[in-house]
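Engineer: One-letter residues, chain by chain:
2 protein chains.
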Amino acid sequence: MEVKFIPTEQLKEKPDENALGFGNYFTDYMFTMDWTKEKGWHNAVIEPYGSIQLDPASMVLHYAQETFEGLKAYKTKEGKVLLFRPDMNAKRFANSNRRLCMEVLPEEMFVDAIATLVSREKEWIPTIEGTSLYIRPFMFATESAVGVHPSNAYKFMIVLSPVGAYYPEGVNPVKIYVEDEYVRATKGGTGFAKCGGNYAASIAAQVKAEKLGYTQVLWLDGVERKYVEEVGTMNAMFIIDRKIITAPCDGTVLPGVTRDSVIQLLKSWGYVVEERPLAIDELMEAGRNKTLQEAFGTGTAAVISPIGELSYKGESIIINDFQTGEITQRLYDTLTGIQWGKLEDSFHWTYEVN
Amino acid sequence: MEVKFIPTEQLKEKPDENALGFGNYFTDYMFTMDWTKEKGWHNAVIEPYGSIQLDPASMVLHYAQETFEGLKAYKTKEGKVLLFRPDMNAKRFANSNRRLCMEVLPEEMFVDAIATLVSREKEWIPTIEGTSLYIRPFMFATESAVGVHPSNAYKFMIVLSPVGAYYPEGVNPVKIYVEDEYVRATKGGTGFAKCGGNYAASIAAQVKAEKLGYTQVLWLDGVERKYVEEVGTMNAMFIIDRKIITAPCDGTVLPGVTRDSVIQLLKSWGYVVEERPLAIDELMEAGRNKTLQEAFGTGTAAVISPIGELSYKGESIIINDFQTGEITQRLYDTLTGIQWGKLEDSFHWTYEVN
Ligand SMILES: Cc1ncc(COP(=O)(O)O)c(C=O)c1O
Ligand SMILES: Cc1ncc(COP(=O)(O)O)c(C=O)c1O
Numbered sequence: 002m003e004v005k006f007i008p009t010e011q012l013k014e015k016p017d018e019n020a021l022g023f024g025n026y027f028t029d030y031m032f033t034m035d036w037t038k039e040k041g042w043h044n045a046v047i048e049p050y051g052s053i054q055l056d057p058a059s060m061v062l063h064y065a066q067e068t069f070e071g072l073k074a075y076k077t078k079e080g081k082v083l084l085f086r087p088d089m090n091a092k093r094f095a096n097s098n099r100r101l102c103m104e105v106l107p108e109e110m111f112v113d114a115i116a117t118l119v120s121r122e123k124e125w126i127p128t129i130e131g132t133s134l135y136i137r138p139f140m141f142a143t144e145s146a147v148g149v150h151p152s153n154a155y156k157f158m159i160v161l162s163p164v165g166a167y168y169p170e171g172v173n174p175v176k177i178y179v180e181d182e183y184v185r186a187t188k189g190g191t192g193f194a195k196c197g198g199n200y201a202a203s204i205a206a207q208v209k210a211e212k213l214g215y216t217q218v219l220w221l222d223g224v225e226r227k228y229v230e231e232v233g234t235m236n237a238m239f240i241i242d243r244k245i246i247t248a249p250c251d252g253t254v255l256p257g258v259t260r261d262s263v264i265q266l267l268k269s270w271g272y273v274v275e276e277r278p279l280a281i282d283e284l285m286e287a288g289r290n291k292t293l294q295e296a297f298g299t300g301t302a303a304v305i306s307p308i309g310e311l312s313y314k315g316e317s318i319i320i321n322d323f324q325t326g327e328i329t330q331r332l333y334d335t336l337t338g339i340q341w342g343k344l345e346d347s348f349h350w351t352y353e354v355n
Numbered sequence: 002m003e004v005k006f007i008p009t010e011q012l013k014e015k016p017d018e019n020a021l022g023f024g025n026y027f028t029d030y031m032f033t034m035d036w037t038k039e040k041g042w043h044n045a046v047i048e049p050y051g052s053i054q055l056d057p058a059s060m061v062l063h064y065a066q067e068t069f070e071g072l073k074a075y076k077t078k079e080g081k082v083l084l085f086r087p088d089m090n091a092k093r094f095a096n097s098n099r100r101l102c103m104e105v106l107p108e109e110m111f112v113d114a115i116a117t118l119v120s121r122e123k124e125w126i127p128t129i130e131g132t133s134l135y136i137r138p139f140m141f142a143t144e145s146a147v148g149v150h151p152s153n154a155y156k157f158m159i160v161l162s163p164v165g166a167y168y169p170e171g172v173n174p175v176k177i178y179v180e181d182e183y184v185r186a187t188k189g190g191t192g193f194a195k196c197g198g199n200y201a202a203s204i205a206a207q208v209k210a211e212k213l214g215y216t217q218v219l220w221l222d223g224v225e226r227k228y229v230e231e232v233g234t235m236n237a238m239f240i241i242d243r244k245i246i247t248a249p250c251d252g253t254v255l256p257g258v259t260r261d262s263v264i265q266l267l268k269s270w271g272y273v274v275e276e277r278p279l280a281i282d283e284l285m286e287a288g289r290n291k292t293l294q295e296a297f298g299t300g301t302a303a304v305i306s307p308i309g310e311l312s313y314k315g316e317s318i319i320i321n322d323f324q325t326g327e328i329t330q331r332l333y334d335t336l337t338g339i340q341w342g343k344l345e346d347s348f349h350w351t352y353e354v355n
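Quick mapping for you: the protein sequence lines, in order, are chains A and B.
Its first residue numbered 2, the first sequence is counted upward by one per residue in this note's numbering.
Its first residue numbered 2, the second sequence is counted upward by one per residue in this note's numbering.
Any given hint could turn out to be false.
The list makes no distinction among identical chains, and a pair is therefore deemed to hold if it is satisfied within one copy or across any two copies.
[Claimed, not checked] The list that follows gives simulated cross-link-like pairs (lysine to aspartate or glutamate, EDC-like), each with its CA atoms no further than 20 Å apart:
no.: 1; residue 1: K176; residue 2: D282
no.: 2; residue 1: K209; residue 2: E104
no.: 3; residue 1: K13; residue 2: D56
no.: 4; residue 1: K188; residue 2: E225
no.: 5; residue 1: K212; residue 2: E104
no.: 6; residue 1: K5; residue 2: D35
The hints are simulated quantities; they were obtained by calculation from the structure and are not laboratory data.
The model shown is predicted, which means the values in this text are computed figures rather than measured ones.
Bound-form chain A, shown alone (with noise of 0.2 Å):
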């Protein structure tokens, strides 16, 4: 791939890396490629970040045929760039990408242009704990149109934001409400794909949670508002009698790279994971007789987020004390661990920028 590249006039100022948040600053760069029917993807160039022309009729702001990806940067003691198995959000783009009926971007084109752009971006990656460089390719309908139907032209484009925590509790325990009115995703729909309508759905239920004094919302699944499915960005999963349980990804779940991570993990640790639909009625009684042990999500900006108490129909229960589980933790340092190049790589996760 052929990478055209536009200088920026004046570098921005670092921002200090103790108050990153979540996704309020963007580098100097961004990265940006066409496709047209015509001449397939063309156009690609690294150039300053700044606005972007629309027309007014483009498809995007109309019938949201817009999807995206979300993985991290970590820069080691050595000064490597790291990035997590990036490979693995190539194929969820697509995946995303075809259920949406939006051209599908070559997954070694996906990776090459993330590495690219964070190549030049290497001074960006913020170094202290906890800290990363997010990395959010996007693509989305830019024909202009009015009736509804594949568009016959997209953009893509790499934007970067150096990061800290995304909950404001870090790895501290989150309470998570139980969401039985508003619905997430259900089969035939597009649950398994990181398209913006999953989100624009999304953001009532955790308005609400918010309300109620909660981080976050654990969906139940559509049809019999009976097994539980994930949390906002997040996948769920929960440790009772010992054994991890947690939704099975059959078309209404996002199929986490961190959930994948953590299931291989846990299985070379010797236990035993169990992808299957955990009804709430289960869950709550496991957490009334104290065989729910430990509960937590997993996602890429939150890494491991441990679950300290969960909410349904008026009724709460705390999991472990509101503490940080024996596990969770485990898993937490496992992964950081490998993500910052700490700890020896066994599975071949990490994916060096040069």
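With the hints as your guide, set chain B with the ligands onto chain A.
Structural biologist: Just chain B with the ligands now, with coordinates in the frame of chain A:
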């Protein structure tokens, strides 16, 4: 509402009224207005139609916080300009925005903005049979941030497009494919809202139906895949044994302005209208034994669109010998008659633009 006007340097040439298609041409001007927490609604402008500037981290490009409406302006023989029930679109727009936690535009402002823009663009309203000026109001999130939350800034816009028939078939019967794999909406989701995500999710089924030789899909409910909901961009009505049956508006179906108008007309003519779940099995059986007399879709774009054939699980039923039915035709004539100011507007549905 004070609206600034920025004149264009060069008016466009108007397209041939016989070859408009749907949503391919846009008029000389567009309306834009911004909302921020600090300033509320501000900066209302009618300006030359053209590109807008968007930050690549604008939330609309990632999380699809975006809603839209669709209505039409008609020019009567006497040169009057009429809108059709714009207050209904204003209300639905507000409901869509509420569901997506977006700022709600006051209903009078919505209608005012449309009237002001259409009034300026009167010359663009085509007058030959079956044409009109399609009005597309839309709103989207403009905050630049990568976390999922309600945006703190929005842009409201209106663009206008002179249009002909929505379907290539015009007012001739269409063939409809009953979709039993993909799902459009479930209770607790966003089915009743006119938001981009619903349409992005629907494209795959539409592409599939078109490949199989059908014009559109008929959606089934997302829970049991048993009840008939609506068609791509139309509500669906079925006349079985002289009764008109249509899906209830209880969360999954878009409450169509045309649907509501048709129900009122039918009742005023003495017909029984049942808003109730209609099982696909009941519908197919009625098709087989010919008690299914007529079927049609209702929507602003297509007005009344007769359904000539339904295909479900490999079985096809032909409705009314693939001819436009009597009631279907009467509804089309009456509705378009009122919209064009040719018939008495006893329901006070039209709104004159000065
Ligand atoms: C809905 C949803 N579920 C789960 C996840 C976790 O996926 P990953 O581990 O790939 O970041 C995310 C975040 O990407 C998400 O948005
Ligand atoms: C999904 C859907 N259903 C129904 C309709 C019909 O609604 P209306 O009659 O207000 O145009 C539309 C079009 O607006 C639509 O997009």
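Engineer: Honestly, which of those hints from before does the structure not fit?
Structural biologist: none
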